[in-house]
Amino acid sequence: MKMIMALVPLAEEVGGATIPDLTPFITAMTGALTPEALLAVLATIIGVGMGFVLMWFGVRKSKQMFQSAVFKGRLSV
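Position 67 of the sequence shown, counted from 1, bears residue number 67 in this note's numbering, the numbering being contiguous throughout.
These aren't lab readings, by the way, just hints derived from the structure by calculation.
Bear in mind that the values here come from a model prediction, so they are computed numbers and not experimental data.
Take the hints with a grain of salt, since some may be wrong.
Unchecked claim - Just the calculated beta-carbon pair ranges, DEER-fashion:
| # | residue 1 | residue 2 | range |
| --- | --- | --- | --- |
| 1 | Leu33 | Val70 | 51 to 59 Å |
| 2 | Met55 | Phe25 | 31 to 39 Å |
| 3 | Met55 | Leu75 | 15 to 23 Å |
We treat Cβ as the ideally placed atom computed from N, Cα and C, and that holds for glycine.
Use the sequences and the hints to build the structure in full.
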């Protein structure tokens, strides 16, 4: 038991933890983020999202048309 306790360092013996200095990272991020860049990212996300929504509606409509043609024997638009 003494051998195991000798391997586990106690909190007092370890010392204080240091917080890394994040000022260079924060400075670089605030310099890189401009309102124009944020608007461009938002516009891209909205545009891609609209494309996915319209594709989803198209897939649902084509699935419904196919099922109607197979089960009922007629085509609908």
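Tested hints:
1. Leu33 to Val70: 51 to 59 Å: Holds, at about 52 Å.
2. Met55 to Phe25: 31 to 39 Å: holds, 38 Å
3. Met55 to Leu75: 15 to 23 Å: holds, 22 Å
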